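Q: Listed below, chain by chain, are the residues.
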Amino acid sequence: MDIKKVLNEATKEIEQSSNQLDLLNVKVAYLGKKGKITELLKSLKDLSLDEKKSTGAELNQLRGEVDKLIKIKFNQIKVEEINSKLRNESLDFSFPPPNSISPKVHPISKTFDEVITIFGSMGYSVAEGPDIETDYFNFSALNIPENHPAREMQDTFYIDDKDKDGKPFVLRTHTSPVQIRTLLNEKPPIKIIAPGRTYRCDSDSTHSPMFHQVEGLFINENANMGDLKGTLIEFCKQFFNVQDLKVRFRPSYFPFTEPSAEMDIAYEIVNNKIKLGQGDRWLEILGCGMVNPIVLENCNVDTKNFQGFAFGMGLDRITMLKYGLTDIRSFFSGNLNWIANNGFSIGDF
Amino acid sequence: MKFSYSWLCEHLETDKSATEIGDALTNIGLELESLSDYSSYSKFVVATIKDFKKHPNADRLNICKVDDGANTYQVICGANNVKKGLKGIFAKEGMYIPGTQIHLKKGKIRGETSEGMLLSERELNLSDDHEGIIELSENFKNGTSAVEALKLDDPIFEIGITPNRGDCLSIRGVARDLSAKGMGKLKPLKYEKIKKLEFESPISWSIKNDDNSCEYVVSRYFKDVNNTKSPEWLQKKLISLGLRPINALVDITNFITVDLGRPLHVFDADKVGKKLDMRLANSNEKILALDNKDYTLDVSSTVIADNNNALAIAGIIGGDHSGCTENTKNVFLEVAIFNPNSVAKTGRSLGINSDARYRFERGLDKNMVLEGLEYASYLINKICGGSVSKNTDAGKLVTNEHKIKYDFNYFNKVIGLDLEPQTQVKILKDLEFQINERSDNECDVLVPSWRNDVKNNIDIVEEIIRIYGYDNINVSVPSSSKDEINNIENSLVNKKFKTISKLKKTLVSNGVSEVITFSFHSNRAQEILTGDTSLKISNAISDDQSFMRNSMIFNHLESAELNFKKGIKNIQLFEIGPIYNSSQSQENILSLLISSQDDTNSIYKSVNFNFYSLTELASKLISSLNFDIKQFNISRSTSNIYHPGQSAEVHMGKKLISRYGKVHPLIMEEFPKLKNTYTIELFFENLPIETISRINSINITDSQFQFSEKDFSFIFEKQQNLYEVQKYVTGIDKNLIKNVEFFDLYESKDLGDSIKSVTFRVTIQSKEKTLEEKDLEQLHKNILEKVSNKFKAKIRT
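Chains as they are written, first to last, in this note's numbering: chain A, 1 to 349; chain B, 1001 to 1797.
It should be emphasised that the hints constitute simulated quantities derived from the structure, not laboratory data. Honestly, I wouldn't trust all of these hints.
For lysine-lysine, the following DSSO-like pairs were computed, each having C-alpha atoms within a straight-line distance of at most 27 Å [stated by the list, open to error]:
1) A:237 - B:1455
2) A:304 - B:1498
3) B:1536 - A:110
4) B:1366 - A:322
5) A:304 - B:1016
6) A:246 - B:1236
7) B:1496 - A:110
8) B:1405 - A:162
9) A:110 - B:1620
10) A:164 - B:1566
11) A:237 - B:1092
12) A:78 - A:110
13) A:322 - B:1498
14) B:1236 - B:1002
15) B:1208 - B:1366
16) A:304 - B:1413
17) B:1196 - A:322
18) B:1536 - A:167
19) B:1366 - A:110
20) B:1455 - A:110
21) B:1455 - A:304
22) B:1498 - B:1405
23) B:1016 - A:110
24) A:187 - B:1236
25) A:187 - B:1345
Estimated spans, in silico, between C-beta atoms of each pair [as the list claims (entries may be wrong)]:
26) B:1744 - A:28: 27 to 33 Å
27) A:242 - B:1701: 33 to 39 Å
28) B:1006 - A:246: 30 to 36 Å
29) A:242 - B:1644: 55 to 61 Å
30) A:98 - B:1056: 52 to 58 Å
31) A:246 - B:1242: 31 to 37 Å
Footprint (simulated), chain B over chain A, 3 or more residues, beta carbon under 8 Å [stated by the list, open to error]:
32) 55-67
33) 318-324
As the structure is a computational prediction, the values presented were derived from the model and not from experiment. From the three backbone atoms N, C-alpha and C, an ideal C-beta is built for every residue, glycine too.
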């Protein structure tokens, strides 16, 4: 009996099996109840004790070896069979997906968020007021009397409905009425910003009948014009992300502040694009000033003990400047392509 | 306001350049809007085209031989007015062309060398004209500078005057302010008073209205004048401001309006009666004005009138009939003080924007009445000859100088800058305020007659800092205090903005884009949605923007339609913004629109968006605010925005929290291209902000023991609200019933029109143990019995 020969034969037959059934037959032929190796093991009983010992060990090793080869082959066949089955389930990875608009947050939302955060770090809480205002809150309380030329600085929308003074309601032309509402409802110290929608009847590439402003108001015992300058410079540095920022404050006129100022930021044109911060041209950013004592008195604030400053700026304008956008009308067009191009994904919001 | 450098210098003795003056103007609050300073244009010179021929490689170009008096150059030129002998303005290579903002390079144009350029007006920034190159008269010598040839040697300033500075609506006023800034010295006015006022005026005044709209009027009568063309100096001045010279009398009044800021009017004395009145207009009184338009007046307007007619609208515009022409022989000059309010009111109601109105509205220097009268008399007499009457007047001239008690420390407190009293006093004196010092800290300030806007202490502070310079104010940044940080943390509005950010993040991560649309919507939208008609915008820009919106649905459908037209098939957008229920009720809501076309992509085909997908999205939104939609009362929506059979409303108590559903087909008729359109409105302001702001609010019990599921099928009344069933089943054993989920709904004719068959799966799990079969059976039985009793439901087997 040649153990080696049996092993060779078995190895060959295992190798030649191409499916699980063949392999099972091989297994039965060698290791089954009447299998070759089983038969050999049975024949041991006819041998001498010594032979039994040595041949027995060899046969057991043979059985182990064949069993292992069958198991390996079995796994190979199984993987092969599954893969060949999966190949039939194949889908075309190269089929391109349909286009879809990537969802974004509107750039104005990003600006709202940043303005609230930056002023928040300086101690300003957020206040608000309605878009449909009374003539008194939008004008008279702010020291803009009827027939005053300053009213013509702003083209006002009127509503058919009339307020309790018999005057038509107006769409607020600025966020400044929130100053009045806050001063009437709260006691100083007051430190608020009020972002929101504002309206003027005007429409071209830089004017929209609806736009956004943020108002700021700081009233305490001693807030002065130096504080006003410092606050606004700090805001602009952070918002526009320019540390070395050249600015100028120049005298202006708003009936509700005195002295009044407008703040300009220097810019230059680099590669046909506006670069903010340096240069010899100026861009108007916002209007501001010390709150006119007449306004404080209109709101019953004691002007002997309290003073402060206010400012207002166009949020659409600073958004356009920051991101190089040119047509304010596209902000409100509802064009999803524009939003996808100019908006912010959640990670950046 | 516009003025030239040379005109300014007639009032201001100065050695400052136009640029320095321009900077100073901005620094004192007279914002320089533009300054045309052409001194750098002297490098461009007059040159002649001696000869030209067609460019061999370009039809529209010519090769010109150009002579600038010193050399001859070859210039390639594309202008259509190129001709032999043309004199134009020439720029050599290397020069900077202001209109195109480029430096000229020597180079070849289509293979031919070009050594310079003949310029158009646009290339010189003189106008928008780019039709051809500049053509000059033949008289100019080659080599003459462009500044001389084009008469650009007098820079023109254009400044913005804020409404408080009526005193600077004159060149003299601007010069006065500049002198206070140290830009030069104000010169005295150069004119002589008429030596002999020879006769009594045949025309007299009376002021008939007692509403103070005319305080004072004074006049002179000029006999035997010759109303010619104005002398050249006067014509040139008016032209430099873009005004058209008419005749001497009219030009003189226009000149004095700009030069002194003093509007006045000349009547042809032979066309008016002998007694003139200042009176209120009669109702529906008509006048043909100098602008050739008919105006109908009402009783609030003041007119100048004779016995028969209104001759002029006081302070605004003269009448055509009584105006001066070249044939005028006798003139009646009127100088008056009109009330700013009544001029403003009349001007606005008639829609007339005249130079006179502009100045009267902003308040005039009352001391300038007699000065203006004298100055005008001098010019009329000098230019037109004739003789001059004595004054005739009515009313009372009360000068408007007033006194303010001023505290020097107030400046330091408001500005945050210690400025010595003597520095403050010097600035005020430079501005011609008179000062009487009372003590070290206080003084009396007498405000000059032209500064109607300076009324109290803060106005004086402004005057001082305006001249001292805003740049000199020290900068400080007030830091935030603990109280302020607390205020922010507790502020409801801050919390609201956080909520809004949260909603935006939720939506964008669910594939919805944010839009912002106008707070208005159209007439049609208002009609269909039956909003409050008093929310109409009286002076709307267009019918599309004529009402304050009571819903965003129309704006969003319009946006969806726009995007559909751009080829976007799957539209998902939202807006967080205001809607208006009345003029005193505004709320911020979230409104979302999903409009999807039928999916034609057979490979990527997804399940079509439907009412149930919408419900899931609404529920997600509500849970992003820490609420569970199931805790609210949910019913069919009754709003006319929604499909009456595919919509729902969510209430918390009586407060509306959300509405959602398919958009009502009647609305969709307006947008025929859009299909399958759904909307959600979330009235997040009605939710308690404290819950929204909570960080950990969800409380799911987690158990390691085995769960079991059991399905139940019941036949309910069709109207049965399944949220109630869900709530009830969950309540049967709160400890064991983890979840009740509906997964099958069957309605059919066979079953009957008034009933529906519903299947739900109950998940049962204990926190303490694995439940035994008998516990489960007991619970199942319990559910079957209780549900069928409570809802009169039939158990389906």
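Q: Each hint should be assessed against the structure and marked as holding or not.
A: Hints, one by one, checked against the model:
no.	hint	in the structure
1	A:237 - B:1455	violated (37 Å)
2	A:304 - B:1498	violated (37 Å)
3	B:1536 - A:110	violated (32 Å)
4	B:1366 - A:322	violated (48 Å)
5	A:304 - B:1016	violated (43 Å)
6	A:246 - B:1236	violated (41 Å)
7	B:1496 - A:110	holds (16 Å)
8	B:1405 - A:162	violated (41 Å)
9	A:110 - B:1620	holds (23 Å)
10	A:164 - B:1566	violated (47 Å)
11	A:237 - B:1092	violated (43 Å)
12	A:78 - A:110	violated (57 Å)
13	A:322 - B:1498	holds (23 Å)
14	B:1236 - B:1002	holds (14 Å)
15	B:1208 - B:1366	holds (21 Å)
16	A:304 - B:1413	holds (11 Å)
17	B:1196 - A:322	violated (68 Å)
18	B:1536 - A:167	holds (15 Å)
19	B:1366 - A:110	violated (53 Å)
20	B:1455 - A:110	violated (43 Å)
21	B:1455 - A:304	holds (18 Å)
22	B:1498 - B:1405	violated (49 Å)
23	B:1016 - A:110	violated (47 Å)
24	A:187 - B:1236	violated (60 Å)
25	A:187 - B:1345	violated (37 Å)
26	B:1744 - A:28: 27 to 33 Å	violated (51 Å)
27	A:242 - B:1701: 33 to 39 Å	violated (53 Å)
28	B:1006 - A:246: 30 to 36 Å	holds (33 Å)
29	A:242 - B:1644: 55 to 61 Å	holds (56 Å)
30	A:98 - B:1056: 52 to 58 Å	holds (55 Å)
31	A:246 - B:1242: 31 to 37 Å	holds (34 Å)
32	55-67	violated (count 0)
33	318-324	violated (count 0)
Comparing the model with each numbered hint stated earlier shows that hints 1, 2, 3, 4, 5, 6, 8, 10, 11, 12, 17, 19, 20, 22, 23, 24, 25, 26, 27, 32, 33 do not hold.
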